[in-house]
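Asks: Join the two chains into one complex using the hints; note that each chain is given alone, in its own frame.
Chains A and B, in that order, are what the protein sequence lines are. Numbering-wise (our numbering), the first sequence opens with residue 1 and increments by one. Numbering-wise (our numbering), the second sequence opens with residue 1001 and increments by one.
Note that these hints are calculated values from the structure, not bench results. C-beta: ideal position from N, C-alpha, C; glycine also. Among the hints, erroneous ones may be present.
Sample of chain B residues at the chain A side, in silico, Cβ under 8 Å [unchecked claim]:
no.	residue
1	1079
2	1108
3	1146
4	1148
Here are some of the chain A residues that sit facing chain B, going by a computed Cβ distance under 10 Å [as the list claims (entries may be wrong)]:
no.	residue
5	4
6	7
7	24
8	28
9	29
10	32
11	36
12	42
13	53
14	55
15	65
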Amino acid sequence: MGFSILHFLRRIVSDFDATHRESVSALTIMEMEELENIFALLLLGSFVGFPAPPTFLAVELLPHMERELQVLNQRAKDASDMFAEMCGTLGID
Amino acid sequence: MKIIFYTGKGGVGKSTMSAASAWQLSQSHKVLIVSLDPAHNLGDIFGTRLNDRKTSFSKNLFLKEIDLQKLSREYLQREIKVLTGTYRYLQTINLDNYFSVLKYSPGIEEYALLTSIEETIRSENTFDYIIFDTPPTGLTLRFLALPRVTITWIERLIQIRRTILEKRFTIHRIRGTLDKKETVLDYREEDDEAIKRLKALDKNYQELNAILQGRNSSVVLVYNPDVLSLRESERLIEGLQELGLPLRLLINNKVTDENTTMADRIDDVIGKKVQGGVPIQRVNLSSSLLDGAKNTLYDVPENIISLFL
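Isolated chain B, as found in the complex (with noise of 0.2 Å):
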C-alpha cells in the first residue's frame, strides 16, 4: 500500500490535483481518498455529498472527508472519561465538570488529525494507494511534526520515570513498610501505568514515524506560479526536509500563457531547493474558458501520476 500526502499553500489546487491523481490511480488500482482540511471540497469536485465515512464513486474510488471537530471531540470524552473514573473522588465536590475544558486546549486538533491518519492506514490496508488531502502548510506541518516532536518529549519523560522508579525501589529496600496499610509506590516499570502509557505511545509512534518516512510514503507539494505560494513552498520544503519526509512529486499548478516567464522562474528556484532532483509536473489552467470556449479548465496531464506507478 501506498500513501501519498498532496500538500501546499491554501488554494494553490491540492484538492483538485488530488482529486485528479486518485481518479487516475482508480483506472488501474484501489484508491482512497482522504479530505483533512478542515474547508472541504472533495465532495464539491466529485459532485457527490461525503461524511467521514468512505463513500464508493465508482469500483475502484472511495471518498472520505474527515470531520474534525467530530474527531476532536470523540477524543476528548474519551480521556475525560478516563480521568473523571480516576479522580472519582472530585464528584463528590463537584469538580469533575471543570475537565470539560480539555476541549479548549490548543493541539488536540493536530493530535486528532494525526490519530485519524493513523487509523487510516492501519484499517484501510486493502487498498493499493491512500490518498491525502492535507489542510493548508501551517497545520500540515504541525501534525506531520508531532510524531517527532511527540517520541523526543516521550524519551526524555521515560528517562525521568526510570530515574523515579529507581528511587522508589532503593526506598523500598532501605525502609520497607512500616505497618501494612501502608501504600507501596510502584516501583516496576511493569506496574506503573504512567511509564507503561509512555511506552505503548512510544511505539506507537515510532511505528507511525517510520511509516511516514517509508519508502512507501510520498509528499507531493502543489504550487502556482506566484510569488507567495513560492515563499510558502521554500518552507514547506524546508519543514519536509527536516521531518525527514520523502517530497517525491512537484506540481506546478494554474500555469497560463501570461505567467510562463514567471512559472519558468519558480521551477527554477524551487529545483534549486529541493535536494536530489525531484521531478516537476506542470499544470496548464486554460484562461480562454472565461471567454466561452469550450474546453476544460484545468489541463491535467495524463500521466501526473505515472511516478507513483
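The following block holds chain A by itself, in its conformation from the complex (with noise of 0.2 Å):
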C-alpha cells in the first residue's frame, strides 16, 4: 500500500514537472517552427512569389527538408485562424 502511494505521489511530481517543462518550451517550441517555416519558404518561396535562390539550392536541400514541408503545409492550413492558433500556443482560453 505505501509502495502504492509512493508511486502515485512520484507520478503527481513527474507529471507536474512534465506539464511545467512543455509548458515553459511552448514558446520556443512556437519560435522554431516559425523558423523552420521561413527556413522551407525561404527556399522554396518561389511558388507564392517570394524572391528565390538559385533554383538548384532548393533541389540539393530538398531531401533533407521533409520536416519543414510538414510544418509549412501545416502553417499554411492553419493561416485561416492565425489568432486562434496563437491563443492556443500561448494558453489563452
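Replies: This is the structure:
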C-alpha cells in the first residue's frame, strides 16, 4: 500500500514536472517552428512569389527538408485562423 | 594553370578569337579549349567533329564541346534519385513521378554550366591553359554571378539553420524526451543534414569564387566596331566589375578599312569604361576576300595572347 502511495506521489511530481517543462518550452517550440517555416519558405518561396535563391539550392536541400515541409504545410492549413492558433500557443482560453 | 574566358555579344567572334588564341598558345603550351555555347561551332572552326569528351587536335591542343542539355539532365536525374529515395513513402501513392517536373525549373542550365566549368578546372589540372568559349553575354553573366549570389544565400540560410538548431537544443534541454518512442530532432550541426549540405556547398563556392577572381583567371572581352556591340560590352564590363572578375584583354574584332573611324571611337569609349587600363588588340577583317583575293578572312595578330604568356 505504502509503495503504491509513493508511486502515486512520484507520478504526480513527474507529471507536474513534465507539464511545466511542456509549458515552458511551448513558446520556444513555436519560435522554432516559425523559423523552420521561414527556412522552407525562403527556399521554396518562388511558388508563392517570394524572391527565391538559385533553384539548384532548393533542389540540393529538398531531400533533407521533410520536417520543414510538414511544418510549412501545417502553417498553411492553420493560416485561416492564426488568432486561434496564437491563443492556443499562449494558453489563452 | 591559367584559365581564360572569352566573352562578348553573340556573333562578335568569341569562338574564332578563342580558337586562334588556343592555337597560338598550343605552339608552346598544353591547352584545352572548351566551348560552353549551346550553339557550338568550335568543331566547325577546327574542321572536326567534337562531343562532350575532350578530343586531341594536336600534341598540345585538346578540344571539347559541352552538351548543356545532357549535363542538366544528368544533374536532375541524380537529384531526383536522392529525392525519391528520401520521400520513399510517396511511391506508394505514385507521387514520385511529380518530381520529374524539376527538369523545367529555371536556373538549372546555369548551374549545370557552372558545375561543368568547376569539374573541368578541378579535373584537367595537367593543362597549362584552359580556354572557355562562353555563351552570349546574358547567360555568361548569370553563371559567372552564380557563385557570389549562391554564397550570399547560403550564408543567410546557414544563419537561420543555426538559430533553428539552437532552439532545438534549448527545447531538448528543457523537455528531454517524454517517452522512448519520441523522435529527437537533430540539434547538433554535425547531425543536421541540411546544415552539413549548406556548409559543403559554401566551401565549394568560396573555392570556386576564389579561383574565378584569382590572378590565374582572366576574362577577355571581344566586341565589334558597332553600337549594339558597344552597348552590350558596356553592360558586360559593369557586370564583371560588380562581380570582381578580372577583365585583362579587349579585342576589337572585324575592323575593316570602312569602319576604322567607328572602331577608334568605340575603343575610346570602352577604354574609358574599363578601370585600370586594359590593353586593346585589334583584329582586322579582310574586306577584299569577297572580291576573290587570296588572303585570309581574319588578320589575327601573331601575338594576340602575348599578355597571357
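Asks: Hints first: check each against the structure and report whether it holds.
Replies: Status of the hints after comparison with the structure:
no.: 1; hint: 1079; verdict: holds (5 Å)
no.: 2; hint: 1108; verdict: holds (6 Å)
no.: 3; hint: 1146; verdict: holds (6 Å)
no.: 4; hint: 1148; verdict: violated (11 Å)
no.: 5; hint: 4; verdict: violated (22 Å)
no.: 6; hint: 7; verdict: violated (18 Å)
no.: 7; hint: 24; verdict: holds (6 Å)
no.: 8; hint: 28; verdict: holds (5 Å)
no.: 9; hint: 29; verdict: holds (6 Å)
no.: 10; hint: 32; verdict: holds (4 Å)
no.: 11; hint: 36; verdict: holds (6 Å)
no.: 12; hint: 42; verdict: holds (7 Å)
no.: 13; hint: 53; verdict: holds (4 Å)
no.: 14; hint: 55; verdict: holds (4 Å)
no.: 15; hint: 65; verdict: holds (7 Å)
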